[in-house]
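Enquirer: Below are the chains, spelled out letter by letter.
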Amino acid sequence: DVKVTQSSRYLVKRTGEKVFLECVQDMDHENMFWYRQDPGLGLRLIYFSYDVKMKEKGDIPEGYSVSREKKERFSLILESASTNQTSMYLCASSSGVFGANVLTFGAGSRLTVL
Amino acid sequence: AQKVTQAQTEISVVEKEDVTLDCVYETRDTTYYLFWYKQPPSGELVFLIRRNSFDEQNEISGRYSWNFQKSTSSFNFTITASQVVDSAVYFCALPFFTSGTYKYIFGTGTRLKVLA
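Protein sequences appear in the order of chains A and B.
Per our numbering, the very first residue in the first sequence carries number 1; after that it's consecutive.
Per our numbering, the very first residue in the second sequence carries number 115; after that it's consecutive.
Keep in mind that the hints are not guaranteed to be accurate.
As the list claims (entries may be wrong) - Okay, derived cross-link-like pairs now, DSS-like style, lysine-lysine, Cα gap no bigger than 30 Å in a straight line: (1) K217(B) x K53(A); (2) K53(A) x K117(B); (3) K184(B) x K3(A); (4) K227(B) x K55(A); (5) K55(A) x K184(B); (6) K227(B) x K57(A); (7) K13(A) x K71(A); (8) K152(B) x K117(B); (9) K55(A) x K130(B); (10) K71(A) x K217(B); (11) K130(B) x K57(A); (12) K3(A) x K152(B); (13) K70(A) x K130(B); (14) K71(A) x K227(B).
These aren't lab readings, by the way, just hints derived from the structure by calculation.
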C-alpha cells in the first residue's frame, strides 16, 4: 500500500522554538507538498518540491522553510514558531508532471504553539 | 486566475437522504482535471474521483455520482442514500501547471454531517 508518513500526529511547542515536521513517502514520487489546513480556509499551499534539492514557494511561505535532501523525504521547518502557526499541517506527494496525477496525503500533523 | 469555490460550509442530513455538494471553478486552461477528496475524522485526505475537462459525462460509483458541466464551470458531487460513514469534509481541487509541476488549488471544503 502506498504511503505518506508524517512523523508526528500531535505536537505542542512554545513560541520561538524551532519546529521540524517530517514527511516520508515510499512511492518514489517526484513531487511533494506541504499544506496548512485551517477552519474556513481549506488547504493552503506552503511549499512544494518537484525534485531533490528543489523547492518552490506556495501561497503562504512566510515563516516557513523546507528541505528536500532525499527524494523520499520533505521536511517543513518553522524557524521560530509563533501562535498563528497553530494549525493542521498536511504533507502530500504525486508522481510526474501531469495534471491528472492524484495527490496522496499523510495523516496530518496537528501543531499547537503556546 | 485559478479558483475553486465550495460555497456550502456545512451540511447536515438525516441518514438515507440524498445530498449534493457544490463545486464551482475558474481556470484559464482549456484542458484540465478536477478532483474530489474526502477527509474523514481521522484526518487523512482520500482521493475519490478525477474528471477530464473533455469528458462531461456524469460518473456514478455506487452511491456516489458526479455531475460535470463546463458551461457553468461546476463539478458537483451527489451522495445517494447517505450513511453515517459519509460524515467527513469534502474538498474539490483543480491542478494547474506552474514552476515545473502541477500545483493543486483546493476549495475551502464542505463538512457533511449525516445523522442517524
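Enquirer: Compare the structure with each hint and give your call.
Expert: Going through the hints against the structure:
1. K217(B) x K53(A): 18 Å, holds
2. K53(A) x K117(B): Roughly 29 Å separates the two Cα atoms, so the pair holds.
3. K184(B) x K3(A): 34 Å, violated
4. K227(B) x K55(A): 38 Å, violated
5. K55(A) x K184(B): 33 Å, violated
6. K227(B) x K57(A): At roughly 35 Å apart (the allowed maximum being 30 Å), K57(A) and K227(B) break the hint.
7. K13(A) x K71(A): The given pair, whose Cα atoms are some 28 Å apart, holds under the 30 Å limit.
8. K152(B) x K117(B): Holds, because 19 Å separates the two Cα atoms, which is no more than 30 Å.
9. K55(A) x K130(B): With Cα atoms ~46 Å apart, K55(A) and K130(B) exceed 30 Å; violated.
10. K71(A) x K217(B): 18 Å, holds
11. K130(B) x K57(A): 44 Å, violated
12. K3(A) x K152(B): Judged against 30 Å, a Cα distance of about 17 Å means the pair holds.
13. K70(A) x K130(B): Given pair K70(A), K130(B) is violated - Cα atoms ~48 Å apart, limit 30 Å.
14. K71(A) x K227(B): 38 Å, violated
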